[in-house]
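Chemist: What follows is each chain in one-letter form.
Protein chains: 2
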Amino acid sequence: MKLHTVHEGGGLCRTIEVTVVQRQAPQLPPVTKFSPVADESETTGEELYIPPLNFAMVDNGIFRSGFPDYPNFAFLQTLGLRSIIYLCPEPYPEANIEFLKSNGIELFQFGIEGCKEPFVNIPEDTIREALKAVLDVRNQPLLIHCKRGKHRTGCLVGCLRKLQRWCLTSVFDEYQRFAAAKARVSDQRFMELFDVSSFRHLPISFSCLKR
Amino acid sequence: MKLHTVHEGGGLCRTIEVTVVQRQAPQLPPVTKFSPVADESETTGEELYIPPLNFAMVDNGIFRSGFPDYPNFAFLQTLGLRSIIYLCPEPYPEANIEFLKSNGIELFQFGIEGCKEPFVNIPEDTIREALKAVLDVRNQPLLIHCKRGKHRTGCLVGCLRKLQRWCLTSVFDEYQRFAAAKARVSDQRFMELFDVSSFRHLPISFSCLKR
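In order, the protein sequence lines correspond to chains A and B.
Using full-length UniProt numbering, read the first sequence as starting at 1 and increasing by one per residue.
Using full-length UniProt numbering, read the second sequence as starting at 1 and increasing by one per residue.
Just so you know, the hints here were simulated from the structure itself, not pulled from any lab data.
Just so we're clear, the structure is a prediction, and the values are computed from it rather than from any experiment.
Every residue, glycine too, gets a C-beta built ideally from N, C-alpha and C.
Worth double-checking, as some hints may not be accurate.
What the hints assert, rightly or not - One-sided and incomplete, this derived list gives chain A residues near chain B with beta-carbon spacing under 8 Å:
# : residue
1 : 48
2 : 49
3 : 51
4 : 57
To be verified - Listed next, the stretches of chain B that the computed footprint assigns to chain A, with coverage defined by at least 3 CB atoms under 8 Å from CB atoms of chain A:
# : segment
5 : 154–167
6 : 173–183
With the hints as extra help, turn the sequences into a complete structure.
Modeler: This is the structure we're talking about:
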């Protein structure tokens, strides 16, 4: 299903495309059980989980990572996800869509181009819409991901941290931990200038900001 | 108050010193309100929180960081902590003890020396005791910290991840994200060889491992 959200601002009419693959709870096919991989060490003989690249917990019910692939599905099942917040413009792979469908996970796609410096232009409106989806408790637990979990995901999480009233140094520290050698000044400038005041009225129940 | 836990193993009798500053809920003095710092940007006029260096959420009710200092206290208050798992042998600073007392936070100290390679000798028994304290839901929400939140904290979190059945690559990926240029082969070897089988019987209610 495609949702087209139209925004008016600064005399311009911009269209933000948000693709939502709806949860089909009542007609769910039987959940495919993905198995963790066998532990090759002879000491335990147990199976292991493979979290996606750059996986981390952001806050209660909010996770982040790079692009999850088939080997990560068993791990993702342990998170009990309700939604995926996908930040790339490319179509979601068929295998991932199947995984989402069979686990009743909704897909929110916010297509942000993965530009390289100095031609980076992070679309503020799209980040705003994505942040709204992240803050909606009905979508949690959720996983935010782009391709490598560094730039687009880093910017969105950084904006969330600003809303949690983290000082910029800590926002950048976290961003750089994931982006490492690929950290971008333009991303950090975007986060610095991102105005969170319009989100202040929203109810937030994070562990990192009791209010 | 000092607790001395005696362990027998391999014919040797080892003593592990665990310092516990007990929560004094009934006789609590009035909670000191630590204020976040003023935001210098004129756009919001709001106050900001300063998370400790290398702060992150590990899982539900489990946080990690470097050594928290006075400027971080307002932020720490938002976490609603019940305990601190402190991994250095040095006495806890007076200001931090006061903060803990006035917020009813219990201190568990597991004194692990901060050695440098190639003379690293991570005491397995102490990590085991610390992991037990971390897993005890009565102590959560809790903050694990050492000095910089890289090596001692990284090893303890890595052992927790093994218990959560993360594959070693992901355990190391997370360790290296925090240790960065200071990552140690000896720490990684310790995590690889750490046997979690004795913890398997404990009830665990993490989001990253539903079982």
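Chemist: So, as I understand it, the hint says residue 49 of chain A touches chain B; can you test that by seeing if any CB pair is closer than 8 Å?
Modeler: With a minimum Cβ separation of about 5 Å from chain B (threshold 8 Å), the hint on residue 49 of chain A holds.
Chemist: In terms of beta carbon proximity below 8 Å, does the segment 173–183 of chain B have 3 or more residues touching chain A?
Modeler: As far as the segment 173–183 of chain B goes, the hint holds, because 5 residues have Cβ atoms under 8 Å from chain A.
Chemist: Can we keep the residue 51 of chain A interface hint, with Cβ of chain B closer than 8 Å?
Modeler: OK, holds: residue 51 of chain A within 8 Å of chain B, min 5 Å.
Chemist: A closest beta-carbon separation below 8 Å is what the hint needs, so does residue 57 of chain A meet it against chain B?
Modeler: It holds, given that the least Cβ distance between residue 57 of chain A and chain B is near 5 Å, below 8 Å.
Chemist: Test coverage of the segment 154–167 of chain B by chain A using CB-CB distances below 8 Å; three residues minimum.
Modeler: holds (count 4)
Chemist: Taking the closest Cβ pair, is residue 48 of chain A under 8 Å from chain B?
Modeler: With a closest approach of 4 Å, the residue 48 of chain A hint holds.
Violated hints for the displayed structure: none, as all numbered hints are satisfied.
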